[in-house]
Structure formats: C-alpha cells, structure tokens
Amino acid sequence: MNISSLHPPNYESLSEAVISDVVQRPSVKSRPFSYTHTAHVSIDYTSSRSEYLQTSSQGASPSHEERKLISSTISMSAEGAILLKRQQRRQTQQRYRKKVREKEGTIDCEVQMLREQVKRLNGQHKQNIAQSVPLEAKRWGVVAEYFRLFGRGLATNTLPTVNNSASNMKVQRGFLQATMAPDVSVNTGYGIDRLLWGWETLSRYYPDCDVKLVTLEIGAGNSLLATTKATRNRPKQRWQYR
1 MNISSLHPPN
11 YESLSEAVIS
21 DVVQRPSVKS
31 RPFSYTHTAH
41 VSIDYTSSRS
51 EYLQTSSQGA
61 SPSHEERKLI
71 SSTISMSAEG
81 AILLKRQQRR
91 QTQQRYRKKV
101 REKEGTIDCE
111 VQMLREQVKR
121 LNGQHKQNIA
131 QSVPLEAKRW
141 GVVAEYFRLF
151 GRGLATNTLP
161 TVNNSASNMK
171 VQRGFLQATM
181 APDVSVNTGY
191 GIDRLLWGWE
201 TLSRYYPDCD
211 VKLVTLEIGA
221 GNSLLATTKA
231 TRNRPKQRWQ
241 YR
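Residue numbering for the sequence shown follows our numbering, starting at 1 and increasing by one per position.
Because the hints were derived from the structure by calculation, they are not lab data.
No incorrect hints appear here.
No farther apart than 20 Å at their CA atoms in a straight line, the calculated lysine to any residue pairs in the SDA-like style are these:
1) Lys-126 x Arg-115
2) Lys-229 x Cys-209
3) Lys-138 x Leu-216
Cβ pair distances, simulated, as ranges:
4) Lys-170 x Val-142: 11 to 21 Å
5) Glu-116 x Tyr-206: 45 to 55 Å
6) Lys-170 x Trp-140: 19 to 29 Å
7) Val-111 x Asn-233: 47 to 57 Å
8) Ile-218 x Ala-178: 16 to 26 Å
9) Gly-221 x Val-111: 47 to 57 Å
10) Asp-193 x Arg-148: 18 to 28 Å
11) Leu-121 x Asp-208: 37 to 47 Å
12) Thr-179 x Val-100: 45 to 55 Å
13) Glu-79 x Val-111: 39 to 49 Å
14) Asp-208 x Ser-167: 14 to 24 Å
15) Gln-87 x Met-113: 37 to 47 Å
16) Ala-230 x Lys-170: 19 to 29 Å
Every residue gets a Cβ at the ideal spot worked out from N, C-alpha and C, and that includes glycine.
Taking the hints into account, I'd like the entire structure generated from these sequences.
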C-alpha cells in the first residue's frame, strides 16, 4: 500500500467524476415489531386514560345512591334542628310557667298572711278599746244603747218598710246576745227570746209607743236602776212606770 502525504488514504478507490445525478433514497420500512410495540403502548395509554377519566367522572359526579344518601342526611339534620328548637322552646315555656305558678303561690301566701294579720290587729284594737274604757262607763253605755235600740219597740214586719224592719230586728237581737246573759231574767221569763217576745207584744198593742230613758242610777248589789217614760201619740194618754 502506497502511502503519500499528498494524497488521502484509499485515493485509488475515489473517482474523479462529478456528481451528475441525484436519486431519491427509498423510504425505510418500519419494522413490524416496533409498530406492534407502539400500538400496544398506545392502547395501554388509551385504556389507562379511559379508566382515569371514568374514575375522575365517578369522583366528580356522585351516583344516585350517594345523592340520595346526602339528601337524606341533610333532611335528617334539618329535622333534628327543628326538633331541637322545639324542645328548647318547650323547656323555656315550662320554666316560665313554673316561675308564674311559684309567684302566684307566693302572692297567695302573702295575701293570707296579711288577712290574718289584719284580723289579729282588729282583735287587738277592739281589745285595747275595751280595756281602755272603764267598766262603769261600759255599763252605762250598754243601758243607753239598749233604750236607743228598743225605744220605739221591737222592729216587726208591721212597720212600713219590711227590709229595714228585718235588718233592725237582727241588730236588736245581736245587741242582746252580745251584752246579756243567755238566761237573763225578765218579766215574761228567762232568756233573750222571752225578752224579745215582751217587746214584740208591746209593739203589737202599742205600735206608736215611745220609751225614753229618764234617769239612770246605781242600785244595790252593783246594779243599775233606770227610770223610763213611755209616751203614745194619742192625746192625754201618757203613762209612766218605774
């Protein structure tokens, strides 16, 4: 092999002819293996993407059962809130009614206590008045009141006004029961009923009779002696007894 520094290696195989024609290079066919592998990869990619899309679609859009469950849960929550609100309102009303009942009971007790206190004070007042008045003045006052009530006789239904007569008669009986003994001795017998009967008889026979107290003296045995004068409205028919 000739080697020269002026010529490139293998210069003998080189031609001095100029490129005169250009031919298109035939296309290289793809290998079947490579094509099959590519298709397989593409199919796997498409299948995975479909599964991903399906999974994403299921996650983004809940199924009918899930929507139904969510709706029922929301409905139960709303009903629970309503029931809780009603229960709280019911408890509030019960507490209010309890307070009202307790207050009413307290007021009733206070009213009852006030009534008892007023009754007790009235009794003490009457007792104090009775104790402050001397016994002698009481006796004289009883006699004066007796003739004031019975000076016109017993109030019977024969008088003009029946209602007033009944009321006056009740007052007269009450006075006798309060100031005289149940077995008081009178000209017609013993007891308040006999005393009233005597006044009734006098009023029946002498309806226009007027009895007045003239004098009142202290008699024997710590008794009182009263002098009265009875007058009728007929002329010249006056009489007096002692």
